[in-house]
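**Q** Sequence:
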Amino acid sequence: MDKLVTQDGKVIYELDSLDKKLIHLLELDAGQSSRTLAAQLNISPTTASQRIQKMIQTGVLHLTARVDPKKVGPLLVVLFTCEVAPNKVSDAVHLLTRCRQITWLSTITGRWNLAALGLFRSNEALMTFLKDDFARIEGLRTFETFVCIEHHVGPFIPM
333 MDKLVTQDGK VIYELDSLDK KLIHLLELDA GQSSRTLAAQ LNISPTTASQ RIQKMIQTGV
393 LHLTARVDPK KVGPLLVVLF TCEVAPNKVS DAVHLLTRCR QITWLSTITG RWNLAALGLF
453 RSNEALMTFL KDDFARIEGL RTFETFVCIE HHVGPFIPM
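Be aware that the sequence shown starts at 333, since it is given in the numbering used here, and climbs by one per residue.
Hints in this document: simulated from the structure, not taken from any laboratory. Heads up, the beta-carbon is just placed ideally off N, CA and C, and yes, glycines get one too. Incorrect hints may appear among the rest.
Cut-off 27 Å, straight-line C-alpha distance, at most; resulting in silico cross-link-like pairs (DSSO-like, lysine-lysine) [stated by the list, open to error]:
hint, residue 1, residue 2
1, 386, 352
2, 342, 352
3, 342, 386
4, 352, 403
5, 353, 342
6, 420, 386
Now the in silico label distances, taken between C-beta atoms and shown as ranges [what the hints assert, rightly or not]:
hint, residue 1, residue 2, range
7, 423, 381, 25 to 35 Å
8, 476, 389, 31 to 41 Å
9, 426, 476, 19 to 29 Å
10, 371, 442, 44 to 54 Å
11, 423, 375, 13 to 23 Å
12, 391, 368, 36 to 46 Å
13, 473, 348, 38 to 48 Å
14, 440, 407, 40 to 50 Å
15, 395, 456, 42 to 52 Å
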């Protein structure tokens, strides 16, 4: 069993092999019914449903919808790396988490201390974001943008 522990050391949920299998199947298709999942794992639909609900309630699992950009029109996926003054990192995180274009954000080690992934409808939308939102990051020392041209693996962590 894998224990999921909060920063204060409290165990919030223990993942077992069944939980991991459910998560894997949901990563493939989050729209599957409990009955379908149960049949694939040889368990009861009630067990599947209860496990999923428990993981959702504890914050272990979030079911989301993903859009295939190839099917809905042009979409720029942009990776940002930033160096922010150490005393301003939490302010930058707060600002960027409020930007609807940012879909993933992490503090990191190395040359940069923040990395983010953003989605934009056009180059113009990216420029507007850089001028109107990104420019408001206090303590921003330097940053780099990378436009993703081909995607090979999705944004989720496999179990």
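**Q** Now tell me, hint by hint, if it's right for this structure.
**A** The hints, checked one at a time:
no.: 1; hint: 386 - 352; result: holds, 13 Å
no.: 2; hint: 342 - 352; result: holds, 21 Å
no.: 3; hint: 342 - 386; result: holds, 17 Å
no.: 4; hint: 352 - 403; result: violated, 30 Å
no.: 5; hint: 353 - 342; result: holds, 24 Å
no.: 6; hint: 420 - 386; result: violated, 36 Å
no.: 7; hint: 423 - 381: 25 to 35 Å; result: violated, 41 Å
no.: 8; hint: 476 - 389: 31 to 41 Å; result: holds, 39 Å
no.: 9; hint: 426 - 476: 19 to 29 Å; result: holds, 22 Å
no.: 10; hint: 371 - 442: 44 to 54 Å; result: holds, 45 Å
no.: 11; hint: 423 - 375: 13 to 23 Å; result: violated, 46 Å
no.: 12; hint: 391 - 368: 36 to 46 Å; result: violated, 24 Å
no.: 13; hint: 473 - 348: 38 to 48 Å; result: holds, 45 Å
no.: 14; hint: 440 - 407: 40 to 50 Å; result: violated, 24 Å
no.: 15; hint: 395 - 456: 42 to 52 Å; result: violated, 33 Å
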